[in-house]
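Visitor: Sequence:
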Amino acid sequence: MQTYQVNISGCPLKLKTEHDGATVDILKSEVELKIKDIQNRHSNISLQKALILACLHFAEGRFLLRKAVCEKLDHLEFQAQDVLKGIEPSVTPVRGMEEK
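Quick note on numbering: the sequence shown equals residues 261 to 360 in this note's numbering.
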């Protein structure tokens with residue numbers, strides 16, 4: 261585990277993570293961009309509120325991604341069950357390998 265010193269919107273942070281420096285830089289940039297976007301849209305918003313809105317934005321993205329992945333997995337499971345139903349009746353035992 262590595263420790264990184266980062267500064268996000270003027271707030272110094274010490275991060276301990278398994279990620280490499282390039283990944284930490286990308287994550288830091290994503291957060292900073294979202295905070296700046298919120299502050300540009302709402303010129304008189306406090307940093308604290310901008311941070312909370314940024315957290316909500318990322319939580320929403322995570323939730324929607326998780327929901328989409330679960331729906332896709334459910335769909336694939338349904339398709340796999342259909343394929344298996346089509347295969348099971350057509351399987352015939354190999355001569356000499358029948359169940360005893």
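No wet-lab data here; the hints were simulated from the structure.
A quick note: this is a predicted structure, and the numbers were derived from the prediction, not measured.
Backbone N, C-alpha and C fix where the C-beta goes; we use that ideal spot for every residue, glycine too.
It is possible that some hints are incorrect.
Said to hold, decoys possible - Pairwise CB distance ranges, derived in the manner of DEER restraints:
#, residue 1, residue 2, range
1, K309, Q265, 21 to 31 Å
2, I347, D285, 42 to 52 Å
3, L324, K276, 46 to 56 Å
4, L273, A340, 56 to 66 Å
Visitor: Assuming the hint says 46 to 56 Å, is it satisfied by the Cβ distance from L324 to K276 or not?
Guide: violated, 28 Å
Visitor: Given a hinted range of 21 to 31 Å, is it respected by the beta-carbon distance of K309 and Q265?
Guide: Holds, since K309 and Q265 (Cβ atoms, about 25 Å apart) stay within the stated range.
Visitor: Regarding I347 and D285, is the given constraint of 42 to 52 Å on their beta-carbon distance met?
Guide: holds, 49 Å
Visitor: For the pair L273 and A340, does the Cβ-Cβ distance stay inside 56 to 66 Å?
Guide: The hinted range 56 to 66 Å is violated for L273 and A340, with Cβ atoms some 44 Å apart.
Violation of the numbered hints given earlier is confined to hints 3 and 4; the remaining hints are satisfied by the structure.
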